[in-house]
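Protein chains: 2
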Amino acid sequence: MATHLDMTALDRLREAAGPGGWSDDPDRLASKLTDWRNQKTGVSPLLLLPRDTETLARIVKIANETGTPLVPQGGNTGLVGAGVPEEDGAAVLVSMDRMNRIRALDAPGFTVIAEAGVVLETLHKAAEDADCMFPLSLGAKGSATIGGLISTNAGGVQVLRYGNMRAQVIGLEAVLPDGSILDQLTPLRKDNTGYDIKQLLIGAEGTLGFVTAASLRLVPAPREVATAFVALADPHAALTLLARLKAATGDNVDSFELIPRHGLDLVLQHIPGARDPLSAPYPWYVLVEVTSAMAGETQRQALETALAAAFEDGLVVDAALAENRTQGLDFWRLREELPEAERLDGPSIKHDVSVPVSDMPRFMEEATRIIEADWPGTQVMAFGHLGDGNVHYNVKTAEPGPRTELMARRYELSEQVYDIVARYGGSISAEHGIGTSKAKTLARLGNPAKLAAMRAVKAALDPNGIMNPGKIFV
Amino acid sequence: MATHLDMTALDRLREAAGPGGWSDDPDRLASKLTDWRNQKTGVSPLLLLPRDTETLARIVKIANETGTPLVPQGGNTGLVGAGVPEEDGAAVLVSMDRMNRIRALDAPGFTVIAEAGVVLETLHKAAEDADCMFPLSLGAKGSATIGGLISTNAGGVQVLRYGNMRAQVIGLEAVLPDGSILDQLTPLRKDNTGYDIKQLLIGAEGTLGFVTAASLRLVPAPREVATAFVALADPHAALTLLARLKAATGDNVDSFELIPRHGLDLVLQHIPGARDPLSAPYPWYVLVEVTSAMAGETQRQALETALAAAFEDGLVVDAALAENRTQGLDFWRLREELPEAERLDGPSIKHDVSVPVSDMPRFMEEATRIIEADWPGTQVMAFGHLGDGNVHYNVKTAEPGPRTELMARRYELSEQVYDIVARYGGSISAEHGIGTSKAKTLARLGNPAKLAAMRAVKAALDPNGIMNPGKIFV
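Line by line, the protein sequences are chains A and B. Everything in the first sequence is counted per the UniProt record's numbering, starting at 1 for the first residue and increasing by one. Everything in the second sequence is counted per the UniProt record's numbering, starting at 1 for the first residue and increasing by one.
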């Protein structure tokens with residue numbers, strides 16, 4: 001005890017982390033202090049790498065006692081700067097890298113218990129080995145971790161059918177800001193015993209404590225996958241088609257991704273080997289994937305029949321149904337490489353917005369009309385999860401290049417987009433979170449009662465403000 | 001303003017509620033002051049019946065200013081006493097009966113916006129009229145309201161496939177304890193803008209404010225329904241069968257309900273017209289329902305093939321597949337009338353518990369061995385949602401009658417059951433909530449970090465303690 005009183009906060013944290021559990025090597029820290037998009041570099045004197053929940057609980061208790069800010073970090077693939085410390089250098093970075101065990105997998109019970117540092121792709125593999133599927137996937141799956149995915153309530157390309165990360169979390173273990181351990185890890189499908197505190201941790205971006213492990217749901221492995229690349233006149237037609245396909249396939253539509261022609265053009269231009277599945281150009285496309293855990297051809301036939309009927313009705317103007325999985329994956333590349341093709345074309349002003357599913361076509365038309373009129377020379381590139389009412393609404397110039405003039409005014413343009421989103425009751429961040437990037441916009445456009453409740457919850461659970469300061473709140 | 005200062009709190013509340021918006025008629029109040037199970041009668045000087053959210057917000061503001069406790073009430077079908085005021089007569093009862101509009105139904109978008117007072121059966125009908133289904137149902141559907149179902153995070157017989165009420169809520173409108181309006185009603189499938197405050201209201205049993213309206217998800221209407229009544233040796237065999245049926249049907253199992261032979265016997269004895277679908281008695285049964293939004297015979301064939309294979313393997317000892325919907329509903333009656341048959345047989349000590357799905361057979365065996373040994377003459381009646389890891393675990397004597405001696409010691413027996421549940425990491429209330437009935441048990445067995453966080457959240461959002469005092473917390 002006498003020793004502790006003489007020690008500085010950082011010394012006490014090092015001691016609690018134990019041998020191999022910390023580093024102050026600037027090179028080692030550097031790789032974790034810049035965010036994935038290279039938009040923000042933070043400063044921190046110390047990296048902690050706890051190996052288990054009890055160690056982390058001791059660390060958080062010391063931080064709370066000494067008022068030392070902590071920044072949790074998973075795979076560092078977040079897009080809003082939430083996993084990187086602020087520039088004041090006050091915060092200690094805590095990486096969950098060493099807490100990367102899959103503690104249990106119960107295939108008959110369709111649950112898996114994974115620690116925060118487990119990489120998504122590792123979880124996918126473990127589920128596959130047990131003839132199950134973990135039904136959430138996204139581009140960063142090779143680096144993104146379970147803790148980060150939960151803390152950002154991640155989405156991806158299967159939300160339409162399976163929901164976002166919140167819908168996968170059956171149980172949660174967390175270290176709260178006072179160092180106590182929230183033990184709600186037992187995978188109970190039903191538990192109505194007071195407030196569901198774990199829901200607060202999901203999507204809190206590390207501001208209410210550390211997610212240390214989670215019980216996650218699994219689903220039966222798919223045995224049939226049918227993929228189609230469909231051309232249609234506009235997003236209105238796409239939504240009508242979605243409702244038909246849901247009914248025709250027994251609500252088995254996993255993905256329904258919108259791509260505009262000029263998006264496909266960028267991919268065809270920049271991505272080697274990409275080719276248009278259809279023989280003529282059309283204004284809009286959707287990539288549809290339907291799956292079933294039943295073996296057979298039922299879904300493929302249902303999709304084919306529904307598409308043929310939609311073609312007869314003029315709803316669909318052309319379509320290609322993948323002959324096999326390889327061709328299906330070729331279709332997927334056209335969607336998945338679109339962000340990369342965009343990047344190769346030059347910078348763009350990105351927005352990750354949602355509105356009610358049925359309003360999305362109207363929103364896209366109105367916002368695009370306003371933005372392209374008010375910002376001459378710009379071109380909107382809107383694509384993505386139409387079935388979730390969520391598109392990546394990016395603005396660039398029609399010509400490739402550095403777009404220096406436009407990018408200099410990006411905040412101004414973005415606020416205009418967000419104002420239109422707000423008129424639709426939409427969200428300024430459908431998938432990516434708030435972090436530091438969108439904190440001011442949230443403060444400006446968020447529902448006042450919700451913001452007040454968020455502040456009250458934050459003050460109640462983290463009275464010393466040690467958890468990830470500077471994020472979400474301005 | 002001068003008028004307001006002279007008025008008592010009750011007068012101000014009456015004025016805010018407006019003409020027709022309140023009653024102090026003892027007869028009118030009486031019907032709402034006793035809970036559905038007739039186990040608790042509360043006292044209240046005044047019933048308020050707000051007709052819209054703004055009126056309710058004014059009411060809550062006055063209550064908060066004057067420190068007047070409010071008790072929200074929906075259909076008054078709750079099972080733990082959460083909707084009834086305490087006996088001290090301090091609280092004003094607020095019924096949501098008049099806020100019963102379906103504000104919007106968007107069939108192509110698969111969403112409906114319903115006010116708190118909408119009765120579940122009314123919502124089912126509205127969804128059906130739009131060729132959709134609202135995928136949550138339970139016995140009290142003719143009285144239970146949307147607000148109550150959300151405030152208790154209700155379950156029912158389709159949780160296995162569609163999740164509980166939390167999984168249906170896309171957006172929420174609520175009046176918080178300070179009278180502010182939480183407007184998160186826009187049906188956004190994705191919204192990652194800070195803490196998801198609406199999750200706190202779901203399952204809060206009215207202690208954090210009033211749910212006034214919700215955006216709820218719909219699913220395509222089922223076009224094929226296949227129902228089977230299956231006999232097997234024990235709950236272990238039932239769980240193995242469930243995993244097989246999930247895979248065989250493409251995860252289309254809606255319901256998987258366990259019934260013990262002595263449960264079926266009670267139904268056959270007490271319920272007119274009930275008959276055993278099988279020709280010989282067996283120790284355990286499951287009622288299986290598989291549905292699809294695709295028309296056809298696919299699900300029925302998959303169910304039949306899987307059951308035949310399970311019969312070959314000895315997993316299933318006998319089974320009846322319903323020939324048509326009428327016969328399917330006959331099978332359902334055997335499950336749905338079991339609580340009524342129990343009631344006619346005499347009182348029993350009821351527990352609504354959950355453990356991990358895979359642990360349920362072992363839990364049932366162990367708990368039943370202990371209880372029947374420690375309480376000679378008792379017989380356990382465990383039935384229900386095996387696929388959710390949730391059974392209604394009721395204890396009675398083998399003989400019918402008033403069971404006066406056993407019922408006098410019911411708290412002692414229940415605490416013993418809950419201790420066994422706690423050893424499995426299970427829940428003392430899977431579906432019904434805490435209310436006043438289970439508040440002491442939760443305080444004794446709940447995770448300390450969770451309970452502390454709950455108290456902190458309650459104090460932060462309702463500092464004057466006006467919302468439903470005496471519930472959840474002891």
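Quick caveat, the hints were computed from the structure, so don't treat them as lab data. C-beta: ideal position from N, C-alpha, C; glycine also. Be a bit skeptical, because a hint or two may be false.
To be verified - One side of the interface only, derived from the structure: several residues of chain A facing chain B at Cβ under 7 Å:
1) Leu-105
2) Asp-106
3) Asp-183
4) Asp-196
5) Val-219
6) Gly-250
7) Ser-354
8) Val-357
9) Asn-390
Checked hints:
Taking 7 Å as the C-beta contact cut-off toward chain B, the hint placing A/Leu-105 at the interface is violated, the least distance being around 11 Å. Look at A/Asp-106: its Cβ gets to within about 5 Å of chain B, closer than 7 Å, so that hint holds up. At its closest, the beta carbon of A/Asp-183 sits 5 Å from a beta carbon of chain B; the interface hint therefore holds under the 7 Å criterion. Interface restraint check for A/Asp-196: the shortest CB-CB distance to chain B comes to about 6 Å, inside 7 Å, so the restraint holds.
A cut of 7 Å between beta carbons decides the hint on A/Val-219: the least distance to chain B is about 6 Å, and the hint holds. Taken as an interface hint, A/Gly-250 checks out: its beta carbon lies about 4 Å from the nearest beta carbon of chain B, inside 7 Å. Hint on A/Ser-354 holds. Least Cβ distance to chain B is approximately 5 Å, under the 7 Å limit. Annotation: interface hint on A/Val-357 holds; nearest CB of chain B at approximately 4 Å, less than 7 Å.
For A/Asn-390, the interface hint holds, since its Cβ comes within 7 Å of a Cβ in chain B; the closest pair sits about 5 Å apart.
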